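Colleague: Given the sequences, and given the hints that come with them, work out the whole structure.
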Amino acid sequence: MKKLQTVLLLLLSISIISGCTDKEKFIVYGSPQNEEELKAVLKEEDYVEKTTVIQHDDKMLVTVQIKPWDKWKKAKLEKKLQKKFDELYPDKEVFVSADYKIYYEANKVKKDGLEDEEISDKIKELKKLAKEEA
Amino acid sequence: MVIIFQTKPSILAGGVVAGPLEKRSTFSQYFDAISEDERWQMKTNEQGHRKMIQEACEIAMKKAGVKNLEVDFFLGGDLINQMTPTNFAARELAISFIGLFSACATSVSSVIIASLLTELGASNFSIAGASSQHNAVERQFRYPVNYGAQKPATAQWTVTAAGFALIGKHNDNLPSIEAATIGKVIDFGMDDPFHMGAAMAPAAFQTIQSHLEKRKQKFYNYDLILTGDLGQLGLKLLKGMFAESGVKQEELTLIRDAGTEFYGQDEAFQSGASGAGCSAAVFYSYIDQMMRAGRYKRVLLVATGALLSPLSYQQGETIPCTAHAIEITMK
Amino acid sequence: MEKEQYQQLEQQVTPKPPYLKNIVKAFFVGGIICTIGQAVSLFYMTFFNFTEQTAGNPTVATMVFFAMILTGLGLYKKIGQFGGAGSAVPVTGFGNAVISAAIEHKSEGYVLGVGGNLFKLAGSVVLFGVVSAFFVALIKYILVTLGVVSW
Amino acid sequence: MMMSFVFAFIVGGIICVIGQLLMDVGNLTPAHTLSFLVVAGAVLDGMGLYEPLIHFAGAGATVPITSFGNALTHGAMAEAEKHGLVGVLSGMFEVTSSGISAAIVFGFIGALFFKPKGNVD
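Protein chains in written order, with UniProt numbering: chain E, 1 to 134; chain Z, 1 to 331; chain S, 1 to 151; chain P, 1 to 121.
Rather than coming from a laboratory, the hints here were simulated on the basis of the structure. Incorrect hints may appear among the rest.
Claimed, not checked - Heads up, simulated EDC-like pairs for lysine to aspartate or glutamate below, C-alpha to C-alpha not over 16 Å straight-line:
1. P:Lys82 with E:Glu133
2. E:Lys92 with E:Asp58
3. S:Lys3 with Z:Glu244
4. S:Lys3 with Z:Asp187
Just so it is clear, the structure is predicted and the values come from calculations on it, not from any experiment.
Modeller: Put into structure tokens, the structure is as follows:
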């Protein structure tokens, strides 16, 4: 039973560590002109748990975190969302990613307060990273 | 086949050396030396194995006040391929040597041969015994020592120990070998290398039964019948076989097993101890000293051996086993 | 006593493995190892340029590194005795099989000993992994060519 | 994030339980069990089922040895998709599993620094 206690303790500590990160669930950063519209679009999709969108000019990076129970469909949902955004913003260069790393970096862009060109560069960089194969 | 020794060769001295883990043995107080290092300060396990054999033989000779030049024969074996540890120890000891292999039963088969040579008048002093070193045996028969495979409750722990006896002409004040039985190779179709006790129990049964029959003795004529390394389950099976053949429960308490008692009932060692060093260490320390002290007058020592190799069981062969017995008496 | 009769007796006397206990232990040990793996991959994603897609490789390598330390200190076999498949099935168990063989056969030298015996235990995993991957990919290719399924 | 740990724990645990059943009930040696699981991983990937499992459970699916069969099959299939029949073969040699390379490297390093010890506790 000592082992069980250790396990519970481990799970508890993990939950405490991870519990602090949740604040705002739907974030749009960069040009604010279509913020509400974007949030509404993403909220339509019930499998999206959290999302951070960063954009500049015609570039838009949509990072989402899928709800745990829907995660196994990640590849499909990612594609579906990409298609939706491509149709909604045909004149923009949109990239959708459900990867945790990309989501994490997108939040960092906001936190670090990057501006304009820096955002564009970052989007380009993250797009490349996301396309890397295992 | 039962041999009756007319001249009753005696065990002049025993020499038992064990590894660091064997400090935990219930018999450790009877051992002559315990090494703090499982490799005896040598580079490899096999070299440590050789050193351990050498030390045990030297202790036996020293106790009897005999020099190795005076010893006529060295008879022994271990479990390692081609018995290199014992062969190499024989090189160092420089005594006429024949290597013997009956797996873990070598502890007794070697003493039988030594007694025969003594009876024949060919030998004044012979050293006989067997040994095993845990790490060297495990890597050969099972897995690397650090491999994390789950051992079942039927598994046994190979002992690191060497037990040798100096056999010489009869002496009334010393335990003497009165009779011996050389066992047949018995195979009851057991094929689990992690359940050796079950494979060896029938061999022990046959040997004990034919010994008693030919000697026209009953269980209660002995103070103790001690098997080598059947382990808890093997001992249970052996008793079960005797119970089936009509031996009474109270007589069955005369049967004990060195492997079962070696590490106490410590669960870390599963079913108990095994290895040629297990029976040899207990027979030539504990039993020898108990008999000298007069605690036992007549005992039957039955060493069991599983005659398998990793190759044989990987090819799907069953495990043939043998058991050799010596009857030791004290005036 | 006859062979058959003895085998019956043996069945009676030999204890069955404690199935439920072993399963619970395997579940917890395996689960904990995978949770540690998850923490390691989170670490790689947070502090290095790895995505969920690419974090698998460094995670697995790190887990094997842990396995080396535990194997060398003689701790992995104790985890193995307790956890059974729980410690054998994760990649750390694969690492343990390779590393324990390497340590064991060092006494025969690095070329013939370590080199020759490295995959003594784990070789079958490599063999069946590669061969089954080949046949699975081949079958899939044939099915795609026949138009039964798509990639 | 919390849930990803829970799922890793549960899925990893379940795969290990399957292994334990193969060993206890199926009476297989560890080597047989692991070989079986690797083949299972390869077949599951062939049916397109392993990738969703990885998305779902993360390390719970990548740490068990089944992922090794998945990685190899994945590489072979990706090459086959690109280059056809030859890709099946060349894919086999192109993919490297970090598990194998890591085991080889750390096996060597381990042999440099450690000695086999026969302790029980």
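Colleague: With reference to the structure, classify each hint as holding or not holding.
Modeller: Results of checking the hints against the structure:
1. Pair hint Lys82 of chain P plus Glu133 of chain E holds up; C-alpha atoms about 15 Å apart against a cutoff of 16 Å.
2. Note on Lys92 of chain E and Asp58 of chain E: the hinted pairing holds, with a Cα-Cα distance of about 5 Å set against a maximum of 16 Å.
3. Between Lys3 of chain S and Glu244 of chain Z the alpha-carbon distance is near 14 Å, which keeps this suggested pair within the 16 Å criterion.
4. Using a Cα cut-off of 16 Å, the hinted pair Lys3 of chain S and Asp187 of chain Z holds, with the two alpha carbons roughly 9 Å apart.
Comparing the model with each earlier hint shows no violations; every hint is respected.
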